[in-house]
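Chemist: Residue numbering for the sequence shown follows this note's numbering, beginning at 1 and increasing consecutively.
Derived by calculation from the structure, the hints in this document are not laboratory data.
One thing to keep in mind: the hints can contain errors.
Unchecked claim - Straight line, CA to CA, 27 Å or less: simulated DSSO-like cross-link-like pairs of lysine-lysine:
#: 1; residue 1: K31; residue 2: K829
#: 2; residue 1: K831; residue 2: K92
#: 3; residue 1: K29; residue 2: K829
#: 4; residue 1: K246; residue 2: K132
#: 5; residue 1: K31; residue 2: K779
#: 6; residue 1: K29; residue 2: K132
#: 7; residue 1: K59; residue 2: K304
#: 8; residue 1: K454; residue 2: K278
#: 9; residue 1: K131; residue 2: K697
#: 10; residue 1: K697; residue 2: K779
#: 11; residue 1: K67; residue 2: K102
#: 12; residue 1: K567; residue 2: K92
#: 13; residue 1: K779; residue 2: K387
#: 14; residue 1: K443; residue 2: K387
#: 15; residue 1: K92; residue 2: K31
Said to hold, decoys possible - Per label pair, the in silico range of CB-to-CB distance:
#: 16; residue 1: S433; residue 2: V621; range: 52 to 60 Å
#: 17; residue 1: N121; residue 2: P622; range: 20 to 28 Å
#: 18; residue 1: N655; residue 2: P622; range: 13 to 21 Å
#: 19; residue 1: N121; residue 2: V780; range: 33 to 41 Å
#: 20; residue 1: A100; residue 2: P669; range: 26 to 34 Å
#: 21; residue 1: Q251; residue 2: N711; range: 18 to 26 Å
#: 22; residue 1: G409; residue 2: N590; range: 57 to 65 Å
#: 23; residue 1: Q251; residue 2: W481; range: 23 to 31 Å
#: 24; residue 1: S362; residue 2: E86; range: 28 to 36 Å
#: 25; residue 1: F818; residue 2: V659; range: 16 to 24 Å
On a predicted model such as this, the values are computed, not experimentally measured, just so you know.
From the three backbone atoms N, C-alpha and C, an ideal C-beta is built for every residue, glycine too.
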Amino acid sequence: MKNTFFKLLFMLTLTNPFLSIGQDTFSIKGKVIADNDLQPLVGALIFTPLQEGGIADDKGNFNFTLKNETESVTISFLGYASQTFELNGQDKDFGTITLALKPTSLSEIIITGSADHSVDNFEGSSYLLDKKTLELSNPLNTEELLRIVPGVNIVGDMGLSNRPNISIRGSWGRRSKKILLMEDGTPAAPAPYIAPGAYYNPVSDRVQAIEVYKGADMLRYGPNNMFGGVNYITALPPQKPELRLKLVGGQRNYTTGLFSYGGTWNNLGALVEAVYKKFDGFTDNSSVEVLNLNAKIFAELSEKQSLYFKISGQYEDNQASLSAITPFTFDADPTQNPFDADRFTMRRYGLDIVHKWVPNTSTSLTSKIYATDFERDWWRQVNTVIKAEDVRAYVGEQIYQDRYSYLDGQSFGEDDYVRVGRIIDGKESTTDSRWIFTVSGFKEQFNFNYGSTKQHALEASFKLHQESYNNRYLRADSSRWARSGNPATDQEFKLWSASGYVRNQFNLDKWALTPILRIEHVDMSRQDLLAQAADPNIQSADAYTINNNYTIALPGVTVDYKHGQHKLFSSVYRGFVAPSKVFGFFVERNGVLVTPDEGSTLNIDPELSVNIEVGWQGALVPQTLQGQLTYFNNSIENFVAAGENELFRKPGKVNIQGVEASFITQLLPENAASQLTLDVNGTFMWTKVNDGAVEDKDLFGPVVHSAASRNEFIEKVNANRAAYQLFDANGQEITSQTIDENTFQNISRSIINFGDGLVENAKVPYTPEYNISGRLNYKVGRLSVGLTGNFVGEQYTEFANFEAESADGALGKLPAYFNMDAQMNYEFKVKGFNKFSAFINSKNITNEVYRASRLNRATSGIFPGGFRQTIVGLNLTL
């Protein structure tokens, strides 16, 4: 019965690569690559009029036996021009066959890269994580892959990274707020301008490649183009109809199931996918369940027109917490999380429609409509930090036995604290953060190639974009399980923007000059609906509304020089980060940011930068050693959004510079029976706060200091008293020239001033000086084994640059750490299957548990990273 089922499924496919060999046969072989980047076209379709043939392997190679009467063979790949070859019934080696991109192909769905990992259609520094890398890694999440990219630092969180924390070239990493995240070229954040925090991330199982952008060509994208961008490219429709199943299981009840069916029929490609993931998490009470559904169509309407349509939905139900642990709990048992009532649910719907028209060989017009609807609801238990020795008495015996019994038998010191649910009148309480977003936009892009000898390229684009965001906050004091409460905040944000750019690439022999200019106009508002509802005397629906708008011009230029397999480039551009829901509604008076009075005219500007980079891409040894090397220097002004509860009251000036390197080498000869590939990436980064005044709202009151962190702050103040403004509980400035522990107890607020004669050598948080990774992969026959290592240097977690750790874990430098992953993949040859592979992957094989971040500072403490996780799985394609 099973064999009959497989045969019926197999009959649905277009071709059968497993052919019986008769007496009158001959063979053909060759390799299929793309002419734009010379990379293998994995899965290219090779077929005859009799529907014989198959697909190219992971190197683009094919080798088939055909019947003697076969007259021709056609080689095709979606988005590329097909080629047909006549046959004469004799064995034939085609050598290398190059397929050209069709003019109607879309950059949103076509992956183009080069052997040195750079993105082919992006000028300046970039990095491509290709399909092969993703398939061998079988990652739990996309952050696992991004951590090996030069210039990227992952601010560690727990779980499946559905809310990724990505830092590029020193950007503030929490929820990836200061970079641009895209999926198939469309902004993926819930509200890219107003609320860019990444509370959505595509599941890694359906991502085919990841592009990371840096440099002046970032001005083609916006907003938040100061530091860099990440573009997730999802699966294309396959070349021939196929059914794919991926089944994965692992420790801690990790489960993944992927189902997809799609194919290409004549000029129409279609694909439907469903992914289900479930994981109990690395700590107690941290489970996650995700369902992702999407469908896409790519149709070549004619030789001059194409259409791309994608619709998607994602649903999550997580036992997720913003709260983490104290140093005492980390040392005692880093898997502890007592907040069993925390719950995060979300749903997101997305739509992309892209039409491309190519009226002639030199001109194209690409139109895109996109829209998303996103809602998240996060119930979180109210917590506090108390002395470890007082936990039993504070929470009561029942709660203690349920969630804190790990403290039995422990000895407690003066600085040993534990985070617990706050008890009021004998009950725990909870709060709810409900966010609802709608985003839509229209983008038109014009491309024109001109020039009598070497083609120059003009690119111009215009985009209209709108966002709405409802921010509602509820408090409930009945129990930690309450799912309704009293509103404490109800705000509505609205934004529309008009943006565009003009870019021209002048190709002059070996030189290329690419100037670009982007214009952004933004109009946004915030309305306090709760205050409006409480006022019976309002006269307008726009009461309690604050408006802000700004227009900025962002110029840039890139210069390239190509010689053989080497490319030198340099660029300079002005980048910006849009002022978001919190930072976009201040007034700057006398160089200081203040909360606006009613009727105030807002004048806060975006954060702006001058970014410079100089680099090299190419091959040091052709076919053997390729790489990239880039120096970058970002000078940022009007720096306001410092971090969680850190605000530059006097806008700051920050410099971030460093060197990024990436090299990939083949350690065995090209004609060897096996492959041994080494991929090494590194980032060396230096940062400095040159000017500004930061207020840290967590530093006194919420934070529970240790003796070490308290003494460190006192020493910092006494060594440089002019740099610190200190205030008592009444708001009065403390003017004593030196402070001691008694003074420290009275401080309620501080402002740290940076610059000459003040704090002069402060580092930007979460910018490790060294970040180095390496991947070694060995492939022989159908077996592939690999090892990945990642070293992250020590890093500060706040602008005060505490070395010592506070008792609650909110402050302090993170120690360096190193972890390793291992993977093994084997592809079986099973009749009836286009692909049948099995894998086993082990993440963090040394089981090193480390301090990954203090992501939410005083409301969380330490987020541990690490924990060994082993998964096994099957990939089946029919």
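Chemist: Please flag the earlier hints that this structure goes against, numbers listed from lowest up.
Modeler: As far as the earlier hints go, 7, 8, 9, 10, 11, 12, 13, 14, 18, 21 are violated by this structure, in ascending order.
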